[in-house]
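Engineer: From first to last, the protein sequence lines stand for chains A and B.
1 is the number of the first residue of the first sequence in our numbering; add one for each residue after it.
1001 is the number of the first residue of the second sequence in our numbering; add one for each residue after it.
Just so you know, the hints here were simulated from the structure itself, not pulled from any lab data.
Misleading hints may appear alongside valid ones.
Pairs of lysine-lysine residues, derived as BS3-like cross-links and limited to a Cα-Cα distance of at most 25 Å, are as follows [what the hints assert, rightly or not]:
#	chain 1	residue 1	chain 2	residue 2
1	B	K1429	A	K208
2	B	K1046	A	K167
3	B	K1160	A	K167
4	B	K1068	B	K1160
5	B	K1192	B	K1062
6	A	K335	A	K131
7	B	K1160	A	K131
8	A	K131	B	K1252
9	B	K1440	A	K208
10	A	K131	B	K1192
These numbers were taken from a predicted model, which means no experiment stands behind them.
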Amino acid sequence: MNRRHFLKQSGLVTAGTLLAPAFLQQGWGNNLNYRGKKVIIVQLSGGNDGLNTIVPFTNDIYHRSRPRLALRPDERIAFDPDFAFNKALKPFAELYDRGYISIINNVGYPNPNRSHFRSMDIWHTASGSDKIWQSGWVGRYLDAYCNHAYNGLEVDATLSLALKGHKLKGIAMENPEQFRKAFLAGPVGRIAQQTDLLNEDNQGYLYKILRSAREGAEHLAAHHSTRTSQTDFPSTPFGQSLKTIAELIGGEAETHVYYASLSGFDTHAQQRGAQARLLSEYAEGVAALVAELEDSGHFDDTLIFTFSEFGRRVAQNASNGTDHGAANNAFLIGKNLKHPGLFNEGPNLAELNRGDLIHTVDFRGIYAGILEQWLGVSSKVILQHDIAPLSIV
Amino acid sequence: MAPKLNADQLLHLYARAGFGLSTRRLEALLDATDALDALFPKHVDKMLPNWTSAAAMLALRKELDQTKDPQQREPLRIQKRANQRATQNLWFEQMALGEHDLVEKMALFWHGHFACRTLESYDALNYTNILRQHGLGDFKTLLTKISQSAAMVEFLHLSKNKKRQPNEDFARELCELFTLGRDQGYGEADIKEIARCFTGWTIDENRAFYFDEAQHDFGTKRFMGNDGHYSGEDVFTILLENKQTANFLARKLYVYFVHPVPNQQEVQALADVLYESNYHLETAMRFLFSAPWFYAPHNMGAKIKSPLELLVGLRKHFDLEPLGKGSWILLQRSLDQSLYAPPNVGGWPSDRDWIDASRLAFRLQLPQLLMNNAEVQLAFREDYDANPMESSTGTRQARRFNCTVDWRRIGEFFYETDAFGLTHVLLQKPLRPETEQLYKQVPRDLTSRILFLVSTPEYQLC
Chain A
1 MNRRHFLKQS GLVTAGTLLA PAFLQQGWGN NLNYRGKKVI IVQLSGGNDG LNTIVPFTND
61 IYHRSRPRLA LRPDERIAFD PDFAFNKALK PFAELYDRGY ISIINNVGYP NPNRSHFRSM
121 DIWHTASGSD KIWQSGWVGR YLDAYCNHAY NGLEVDATLS LALKGHKLKG IAMENPEQFR
181 KAFLAGPVGR IAQQTDLLNE DNQGYLYKIL RSAREGAEHL AAHHSTRTSQ TDFPSTPFGQ
241 SLKTIAELIG GEAETHVYYA SLSGFDTHAQ QRGAQARLLS EYAEGVAALV AELEDSGHFD
301 DTLIFTFSEF GRRVAQNASN GTDHGAANNA FLIGKNLKHP GLFNEGPNLA ELNRGDLIHT
361 VDFRGIYAGI LEQWLGVSSK VILQHDIAPL SIV
Chain B
1001 MAPKLNADQL LHLYARAGFG LSTRRLEALL DATDALDALF PKHVDKMLPN WTSAAAMLAL
1061 RKELDQTKDP QQREPLRIQK RANQRATQNL WFEQMALGEH DLVEKMALFW HGHFACRTLE
1121 SYDALNYTNI LRQHGLGDFK TLLTKISQSA AMVEFLHLSK NKKRQPNEDF ARELCELFTL
1181 GRDQGYGEAD IKEIARCFTG WTIDENRAFY FDEAQHDFGT KRFMGNDGHY SGEDVFTILL
1241 ENKQTANFLA RKLYVYFVHP VPNQQEVQAL ADVLYESNYH LETAMRFLFS APWFYAPHNM
1301 GAKIKSPLEL LVGLRKHFDL EPLGKGSWIL LQRSLDQSLY APPNVGGWPS DRDWIDASRL
1361 AFRLQLPQLL MNNAEVQLAF REDYDANPME SSTGTRQARR FNCTVDWRRI GEFFYETDAF
1421 GLTHVLLQKP LRPETEQLYK QVPRDLTSRI LFLVSTPEYQ LC
């Protein structure tokens, strides 16, 4: 067990922003380089099996390790002499053919953790594997460069750690109109209308947060372009969250970073059908999202990043599934990617760590690339880590 | 002999040492000779299951261990899960309805300090009873019993700590989290040596602590300037002799019971009392609750209620008994604080960490939705670590909790008097002027007024 350090939130922010550490004052509340770019983060929760997503079908080890789980030729779509998509990703394959996708292989971090909770936290906070942090990387971006909670939006009912900063925490809302109706109804709604100056204690803090909830709901409802779209999004919660994101972007909402997630990827048993269904939902969702963004003229300014908290073991298990692994692939979807196609070399199935793939790309390099090249801000302070950004756009 | 406390002070005391007061109870306490003394009982009864016995839970565990056939295991596993949920509900009820407020509040505090996740009802029951029965006693006894409890032994892999292959998890958390705090004059080498002192600590087939001599490293250990053939108990003694442990505990107690931003001098005073009483918790807590600074106005209503403080308060004061057995568990998950399931060894976040825009909006709506028996939109994350098969649809559902709310009975506990109004008793901080104006426009019947007050941000404070 490695040493772990607690960076407790209360230790960093005391009463009054004057005492906030110097690093948070950099570009305090203002991203001077911001050019209206959007980031959409799509999280696949549960640990998606990367090897049956981007299939190294010419690799013997793949077939030997997965006698019943390896995808057959009729279950995959080759896009490269050595790699194929899981057939369920057909709409995604079409985006790939148009040059809209970078597949980044072997993404992970040193000393991988195979607990869902821990590994997801590590991805959300961008801490090392040996540290426990209480703030998220997007939250720290909000702290340093934004003024409103709604500049970070998770289209879900609960807010992930990724969007929790020290000063600002993003908004979690599945649907702004529904949020307004459910949560700002009755006495709470009336209380939320207050505009008076607030003090710095917890009473003031709660009113401040309530006010930001109201402002967020109002801003997002006002910029929710629900013009009848031509595109068919999956009717699932995930599909609808992508639809809402497309509509908010179309309506020119001032959100910089959007977050959505699709769950169910923890396929310990009977993986084939379960994963195919989820990948299909994912692919249809992002294909609809891209189509809608192109239609509204916003695809140029939008970057979509997809990841999962870990990959799965190379060998299948006895229940026709796979167990928790480590390194995995991740995807970038956008119009002007620097390296569309296969970003780097595929997984090395010959040299494993306890049966798991070894990472060659630290995910924080991807975050750094998104922050620096897409959002135009310095990554080192937000990630609290000096890492070379991956050259992504 | 503690000073006589006025209404404000009693309300503040019980908001922190307990889960709040009703008007009726406040009046009774004002008449009592020593309201503080009532918080420290001479004897604490064990919390016992009422649907089965502890012995039956243990027997089930053993049977599950011995049954290999998946088909035979399934009904046992269902029973096991039912036991765990029932135990979680049992503790929640105990907190809300237990006779001794501070005993239950301290147990909750210690649950965050000795953070531990368990899905074993027998272990969970024992863990809770240790916290309740020793939470105000001798800290070394509490530390020892918790460290030897099956729940903690499993959680921190103590049974894997063997002579030839010491496991450092427990040693590390013992120093970082339970006693000294992080980076207080010890390093990796010290942790390794301390781990050796605890080799052989394990549990037997009855889930009781067992010292396996064959696995114990009896050699000399050197750590933090100490040199000797130390056992685990010796380590506890050494760690407590270090004043830093008193400093660390005092700071945590202060942040939990007094104010989220600690006052150095006051923390030091508490640490001194704790250390000089040889870590006698009742002595320290009596000191804390008698200190003039505890009752300083800026401490009143200064804390944001943790989810459990909020939920327990609702259960306690409004007698909410949802029809569905899993209801309080669902609500705990929706607010990110579930008994027996802290997110990690560090326990739970605190204060402002509980709050973001959506969570706050949910918390503000929740009390009146429950009391109106309206639909509550639940939402929480799947916990795949606990249950890989957890379905996503269960994690977002609209639910009516079917609480039968007896307003007439509530009116026997909450009412206006000449001395204090509803706001005085229900809220630990006066309403902001604009909110006060809105309150004045609410119809004057008890139901309307209470429903308004429990919807205010002030109700979220304690």
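Engineer: Work down the list of hints and note, for each, if the structure agrees.
Structural biologist: Going through the hints against the structure:
{"no.": "1", "hint": "K1429/B with K208/A", "result": "holds, 16 Å"}
{"no.": "2", "hint": "K1046/B with K167/A", "result": "violated, 43 Å"}
{"no.": "3", "hint": "K1160/B with K167/A", "result": "violated, 42 Å"}
{"no.": "4", "hint": "K1068/B with K1160/B", "result": "holds, 23 Å"}
{"no.": "5", "hint": "K1192/B with K1062/B", "result": "violated, 33 Å"}
{"no.": "6", "hint": "K335/A with K131/A", "result": "violated, 36 Å"}
{"no.": "7", "hint": "K1160/B with K131/A", "result": "holds, 23 Å"}
{"no.": "8", "hint": "K131/A with K1252/B", "result": "holds, 21 Å"}
{"no.": "9", "hint": "K1440/B with K208/A", "result": "holds, 22 Å"}
{"no.": "10", "hint": "K131/A with K1192/B", "result": "holds, 19 Å"}
Going through the hint list in order, the structure does not satisfy hints 2, 3, 5, 6.
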